[in-house]
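Whenever a hint applies, use it, and build me the whole structure from the sequences.
Sequence order for the protein chains is A and B. Under the numbering used here, the first residue of the first sequence is numbered 25, with each subsequent residue one higher. Under the numbering used here, the first residue of the second sequence is numbered 37, with each subsequent residue one higher.
What the hints contain is simulated information worked out from the structure, not anything from laboratory work. None of the values given here were measured: they were computed from a predicted structure. Do not rely on the hints blindly, as some may be mistaken.
Claimed, not checked - Straight-line distance between alpha carbons at most 25 angstroms, and here's what the computed DSS-like set of lysine-lysine pairs gives:
id	chain 1	residue 1	chain 2	residue 2
1	B	Lys128	A	Lys34
2	A	Lys34	B	Lys158
3	A	Lys34	B	Lys159
4	B	Lys134	A	Lys26
5	A	Lys26	B	Lys128
6	B	Lys123	A	Lys34
7	A	Lys236	B	Lys247
8	B	Lys134	B	Lys159
9	B	Lys123	A	Lys80
10	A	Lys80	B	Lys134
11	B	Lys128	A	Lys80
12	A	Lys93	B	Lys134
13	A	Lys93	B	Lys98
14	B	Lys61	B	Lys159
15	A	Lys80	B	Lys159
16	A	Lys34	B	Lys98
17	B	Lys123	A	Lys165
18	A	Lys93	B	Lys276
19	B	Lys287	B	Lys228
20	B	Lys299	B	Lys247
21	B	Lys182	B	Lys168
22	B	Lys92	A	Lys236
23	A	Lys232	B	Lys92
24	B	Lys158	A	Lys80
25	B	Lys276	B	Lys313
26	B	Lys134	A	Lys34
27	A	Lys236	B	Lys276
28	A	Lys34	B	Lys276
29	A	Lys80	A	Lys236
30	A	Lys236	B	Lys39
31	A	Lys80	B	Lys168
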Amino acid sequence: MKNIIYKELKLVIIPATYLIVLLAALIMIPNYPYLVGMSYCFLALFISFSTAQTNKDNEFTASLPVPRKNIVLAKHVSFITVELLQIAVAIPFALLSTLLINKNGNLVGLDANFTFFGVTFLCFGVINIIVLPWFFRTGYKIGIPFLTAIFTYVILYVCVELAVQLSPLKAMLDGTAAQYIPYRIAVLFSGIAVYCALTFISYKRSVKNFEKVNL
Amino acid sequence: MLKVENLCKNYEYFSIKNVSFELPKGYITGFIGANGAGKTTTLKSILNLVHPDSGKITIAGKDMGVDEIAIKREIGFMLGPVDYYAKSRIGKTVGVYKRFFPNWDEQAYKNYLDKFSLNENKKICELSAGMKVKLGVALALSQNAKLLILDEPTSGLDPVARDELLDVFREIVESGERSVLFSTHITSDLEKCADFIIFIRNGELILNSAKDDIMESHLLISGRKDALTQSLKERVIGFKETAYNFTALIKTDNIIADDEVIKEKPNLEDIMVYYNKEKSL
Numbered sequence: 025m026k027n028i029i030y031k032e033l034k035l036v037i038i039p040a041t042y043l044i045v046l047l048a049a050l051i052m053i054p055n056y057p058y059l060v061g062m063s064y065c066f067l068a069l070f071i072s073f074s075t076a077q078t079n080k081d082n083e084f085t086a087s088l089p090v091p092r093k094n095i096v097l098a099k100h101v102s103f104i105t106v107e108l109l110q111i112a113v114a115i116p117f118a119l120l121s122t123l124l125i126n127k128n129g130n131l132v133g134l135d136a137n138f139t140f141f142g143v144t145f146l147c148f149g150v151i152n153i154i155v156l157p158w159f160f161r162t163g164y165k166i167g168i169p170f171l172t173a174i175f176t177y178v179i180l181y182v183c184v185e186l187a188v189q190l191s192p193l194k195a196m197l198d199g200t201a202a203q204y205i206p207y208r209i210a211v212l213f214s215g216i217a218v219y220c221a222l223t224f225i226s227y228k229r230s231v232k233n234f235e236k237v238n239l
Numbered sequence: 037m038l039k040v041e042n043l044c045k046n047y048e049y050f051s052i053k054n055v056s057f058e059l060p061k062g063y064i065t066g067f068i069g070a071n072g073a074g075k076t077t078t079l080k081s082i083l084n085l086v087h088p089d090s091g092k093i094t095i096a097g098k099d100m101g102v103d104e105i106a107i108k109r110e111i112g113f114m115l116g117p118v119d120y121y122a123k124s125r126i127g128k129t130v131g132v133y134k135r136f137f138p139n140w141d142e143q144a145y146k147n148y149l150d151k152f153s154l155n156e157n158k159k160i161c162e163l164s165a166g167m168k169v170k171l172g173v174a175l176a177l178s179q180n181a182k183l184l185i186l187d188e189p190t191s192g193l194d195p196v197a198r199d200e201l202l203d204v205f206r207e208i209v210e211s212g213e214r215s216v217l218f219s220t221h222i223t224s225d226l227e228k229c230a231d232f233i234i235f236i237r238n239g240e241l242i243l244n245s246a247k248d249d250i251m252e253s254h255l256l257i258s259g260r261k262d263a264l265t266q267s268l269k270e271r272v273i274g275f276k277e278t279a280y281n282f283t284a285l286i287k288t289d290n291i292i293a294d295d296e297v298i299k300e301k302p303n304l305e306d307i308m309v310y311y312n313k314e315k316s317l
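Take a look at the structure:
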């Protein structure tokens, strides 16, 4: 298993990914839709998968003695690694943004708080469950799955933002008021739970799809 | 070494129909057939890259349906020239590739690189078509595999490189422990080195026998057109006619003393060509 993950990280994920995720620094821009800053990891993943397709990665992978479910798992590990890296890189920028730069809050959306990261996890889970099982219907087609996922991601984020902003719970979920931190942490953990569930379902569906593919 | 039993795979416009054959240990077997005959599909089905609809594949006593990964670690296969990760250096891609093979023989790999004049610092896209084939063969051979399955390994190679490669195949089977199955259109390569021939046409197995037996059991006959009687037409496998003459392939047993024809020993190409002109097609 570790060999196929090594192969993904060494050959498939482009090195520029580790720079691209630094664009999470956009969170420090005052009054900005912060999810934009969290989206660049998908640009990196899209470029990585497209480049892998150009490099005939599916032919290379087919030449290896690896069970198909491990190939699926390795792709999921790649996604999860890059997504978590994106979130990890965003945390210090979120702290800088909240504590030093945008002390008055974000006027165009969620502040970079626990709720924001919970929503980010939810959106990432939705991306995973759209892109990966779709990709594994063929093992190489990536364009339409990614476009559909990004479109859904934007719509979902806008809906969640509107729901929070128009909700009577806005004071609890948005902002940085200390007394509501437990609520926002609850949203964060809910987001993580949904992310884990969607990614797990994505893995199961991807295995089922990929088993049927003739390489 | 390799046993294929009743392999079937149906596509909308093509099927592999009940293909069965056995590969003996210590020999080179050539797998021939026209373009689209089903060679690659059969090889991919053996390797479970294409899922067969039915049939059983056994390699060294292990069932492919049960021990796929263990089997794949012990066989070498190459389904085309190496052209993946073309912009990467050979060393980088092979560095990843070899981690998957516990029996990888680094010394043998270095020796094959030297033998084929391959430089690990070169990018794969900088290799000629022939060199890409050689790299694929070097990878398959460096796994210390007991069975090598190679799809068109000699295509794209110049005659000198092809001859070198055939020598390598002969060296591999010399010990009597390893077998080679390779598909090709270049039947002259098989005449030089194959012990057994498997011939497939439209997804059906036509011939499966020792090469010498196949050559001896067929005759290439020719003569004046009027010698191609109705009786002879019914006995030949396939024939070609010109304005005055004909040539045909016939089973040695089907020739009779009354036939006024010139008899020659066919080569594998003749056999392949005339079987594809079979009357029933």
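Here's how the hints hold up against the structure:
Between the alpha carbons of lysine 128/B and lysine 34/A the distance comes to roughly 9 angstroms, so the proposed pair stays at or under 25 angstroms and holds. The straight-line distance between the Cα atoms of lysine 34/A and lysine 158/B is roughly 18 angstroms, inside the 25 angstroms bound, and the hint therefore holds. Straight-line distance between C-alpha atoms of lysine 34/A and lysine 159/B comes to about 16 angstroms, which keeps the hinted pair within the 25 angstroms bound. Between lysine 134/B and lysine 26/A the alpha-carbon distance is near 13 angstroms, which keeps this suggested pair within the 25 angstroms criterion.
For the hint pairing lysine 26/A with lysine 128/B, the CA-to-CA distance comes to about 17 angstroms; that is within 25 angstroms, so the pair holds. Note on lysine 123/B and lysine 34/A: the hinted pairing holds, with a Cα-Cα distance of about 14 angstroms set against a maximum of 25 angstroms. A hinted pair counts as satisfied when its Cα atoms are at most 25 angstroms apart, and lysine 236/A with lysine 247/B does not qualify at roughly 37 angstroms. Distance restraint check for lysine 134/B and lysine 159/B: the Cα-Cα separation of roughly 17 angstroms lies within the 25 angstroms cut-off, and the hinted pair is therefore satisfied.
Annotation: proposed proximity of lysine 123/B to lysine 80/A holds, straight-line Cα distance about 11 angstroms (limit 25 angstroms). A C-alpha spacing of about 18 angstroms is found between lysine 80/A and lysine 134/B, which places the hinted pair at or below 25 angstroms, so the restraint holds. A hinted pair counts as satisfied when its Cα atoms are at most 25 angstroms apart, and lysine 128/B with lysine 80/A qualifies at roughly 15 angstroms. For a cut-off of 25 angstroms, the pair hint linking lysine 93/A to lysine 134/B stands: about 20 angstroms separates their Cα positions.
Restraint check for lysine 93/A and lysine 98/B: the C-alpha separation of about 21 angstroms stays at or below 25 angstroms, so the hint holds. Between lysine 61/B and lysine 159/B the alpha-carbon distance is near 36 angstroms, which puts this suggested pair outside the 25 angstroms criterion. A hinted pair counts as satisfied when its Cα atoms are at most 25 angstroms apart, and lysine 80/A with lysine 159/B qualifies at roughly 15 angstroms. The hinted pair formed by lysine 34/A and lysine 98/B fails the criterion: a straight-line CA distance of about 33 angstroms is larger than 25 angstroms.
As the CA atoms of lysine 123/B and lysine 165/A are separated by approximately 21 angstroms, the hinted pair is consistent with the 25 angstroms bound. For a cut-off of 25 angstroms, the pair hint linking lysine 93/A to lysine 276/B is broken: about 52 angstroms separates their Cα positions. For the proposed pair lysine 287/B and lysine 228/B, the alpha carbon gap of about 23 angstroms is at most 25 angstroms, so the pair holds. Annotation: proposed proximity of lysine 299/B to lysine 247/B holds, straight-line Cα distance about 19 angstroms (limit 25 angstroms).
At roughly 23 angstroms between alpha-carbon atoms, lysine 182/B and lysine 168/B fall within 25 angstroms of each other, so this suggested pair holds. A C-alpha spacing of about 18 angstroms is found between lysine 92/B and lysine 236/A, which places the hinted pair at or below 25 angstroms, so the restraint holds. Simply put, lysine 232/A and lysine 92/B have alpha-carbon atoms about 22 angstroms apart, close enough for the 25 angstroms limit, and the pair holds. This hinted pair checks out: lysine 158/B and lysine 80/A have alpha carbons roughly 18 angstroms apart, not beyond 25 angstroms.
The straight-line distance between the Cα atoms of lysine 276/B and lysine 313/B is roughly 8 angstroms, inside the 25 angstroms bound, and the hint therefore holds. In summary, the hint linking lysine 134/B to lysine 34/A is supported, as the alpha carbons are separated by about 14 angstroms, within the 25 angstroms threshold. Between lysine 236/A and lysine 276/B, the direct Cα distance comes to roughly 44 angstroms. Violation of the 25 angstroms bound is thereby established for this hinted pair. In summary, the hint linking lysine 34/A to lysine 276/B is not supported, as the alpha carbons are separated by about 57 angstroms, beyond the 25 angstroms threshold.
Of the pairs offered as hints, the one joining lysine 80/A and lysine 236/A holds, with about 20 angstroms between alpha carbons and a cut-off of 25 angstroms not exceeded. About 24 angstroms separates the Cα atoms of lysine 236/A and lysine 39/B, which keeps this hinted pair within 25 angstroms; it holds. Straight-line distance between C-alpha atoms of lysine 80/A and lysine 168/B comes to about 14 angstroms, which keeps the hinted pair within the 25 angstroms bound.
Violated hints, in rising order: 7, 14, 16, 18, 27, 28; the structure is consistent with all others.
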